[in-house]
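Produce the entire structure from the sequences given, and follow the hints as far as they go.
There are 2 protein chains.
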Amino acid sequence: MNSEQLFRQIQQKKSYLCVGLDTDKNRIPKHLLSEDDPVFSFNKAIIDSTAAFAVAFKPNTAFYESGGSRGWQSLERTVAYLREKYPDIFIILDAKRGDIGNTSAAYARAFFESMKADAVTVAPYMGADSVKPFLGFEEKWVILLALTSNTGSADFQYFADPQGQLLHHAVIRKACTWASPDQLMFVVGATHPQELAEIRKIVPDYFLLVPGVGAQGGDLDAVSRVGLNQRAGLLVNSSRAIIYASDGSDFDKAAAHEASLVQRQMETQLELAGLI
Amino acid sequence: MNSEQLFRQIQQKKSYLCVGLDTDKNRIPKHLLSEDDPVFSFNKAIIDSTAAFAVAFKPNTAFYESGGSRGWQSLERTVAYLREKYPDIFIILDAKRGDIGNTSAAYARAFFESMKADAVTVAPYMGADSVKPFLGFEEKWVILLALTSNTGSADFQYFADPQGQLLHHAVIRKACTWASPDQLMFVVGATHPQELAEIRKIVPDYFLLVPGVGAQGGDLDAVSRVGLNQRAGLLVNSSRAIIYASDGSDFDKAAAHEASLVQRQMETQLELAGLI
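Chains A and B, in that order, give the protein sequences.
This note's numbering puts the first residue of the first sequence at 155, with every later residue one more than the last.
This note's numbering puts the first residue of the second sequence at 155, with every later residue one more than the last.
Certain hints may be false.
Since copy identity is lost for identical chains, a pair holds within one copy or between any two.
Said to hold, decoys possible - DSS-like mimics (lysine-lysine), calculated; alpha carbons at most 27 Å apart, straight line:
no., residue 1, residue 2
1, Lys294, Lys179
2, Lys179, Lys270
3, Lys270, Lys355
4, Lys355, Lys239
5, Lys286, Lys179
6, Lys328, Lys286
7, Lys198, Lys328
8, Lys168, Lys407
It should be emphasised that the hints constitute simulated quantities derived from the structure, not laboratory data.
None of these values were measured; they are calculated from a predicted model.
Have a look at this one:
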């Protein structure tokens, strides 16, 4: 999927919601535990109930790897199901990878060729040759960590050089020399709306993936006001607030309700920005 | 395993070699491809032939994940085999993870509890709360990326603050406030021996995991002269130069030969440092 197609999806669905599939076996409704693959059953129900309100889904690989090879199978099934039943959905594997060249290339094949995801999150610390192997695939995306939503983001991401340039700005500026707005996005946490406005000035044309709305407390309206650009340019992720909206047998309906509330808020913001 | 036990292993084996199991199905000898699990068969033979010369093994998870759930099974089998047959071997999962707290906790359970590894490599970019969930396990280790061996290490790891402090030094100094030399090591590439000497001054007591000897061209003697401390304090990794020493049916013997050459060089360095 390229950025034009992604923007069209956003206009059609009036939503830039990404649903984070951070599926923890300990938090899914008890009645699913007797199923053959409870994690996949949960994901399938969440996907079917929320796909009308979301343009993207984002499984965080950690939650699947913690279940070993069986967990990895649940992830493969989830991505295959999305790919087949919802071909227009943008699939992000939130893996936060980054390794030396030949290793990053192995990850890229795993995520883009074996699993057919659209995008993968990558950590910048190891520099150009750890990121570039992910950029050699047509209509596939790198989403590079810039300013993350967690409290630890303060530890190193604000490290400043003698000219006052912050590390996460340096990361963004350098990465823009590696790839166009059709191959590269940046992660910017919703917990930092002022900093997001600064980042939008540096990269007016790039999409930003914004986690931290919902359980982490970020403000969707504030993020949207400073983050939307002429092609929307935002994917805002919510994970726990949607997928764990209920732990009863109505979990999928509750998730749909939460997702629909976010979608309506996004519709308003898209209208205010003149994008729909 | 704690640092005292690791040092005793180093003294007994007269080696601080870590063998990197970067096992790529496309590079293993052709006659293994008819086996049920070629990657595991290859690893088992490499482990059996080199374990006498090495104190640690380090599977890089990327190479297994690129094979999907089957690849993940090969990794689980490899770690289980090491754990059972060579209980004194230090097992490092080279995963370079780093995510928000609840996600890092899921990774930590996967690597330390399900797989029973001794150590996992972690990326520092996301800060304290992405690293600390890995530190809550007795006699388990975090190995934090500081200065990596690849050319891209120049992109951000040398970012300097107004006082001239380099980012990788800031990472090391801050991480030392999170964990003792019995829980934390740092990755420092063998391709930077002068910088390794600087880092050794900052952390005289911490172990350093040093990749980049062998195929990447780092100099073992240079690294050892500046890196060895009073408890050795080094694990030097070689992957491709050992495991792909031959692509014929003698691959395990060739690997043993390469590993034995490195071990002898290490024995000399340990003697010169008065550690054996």
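- Query: Which hints, by number, does the structure contradict?
  - Reply: 3, 4 and 7
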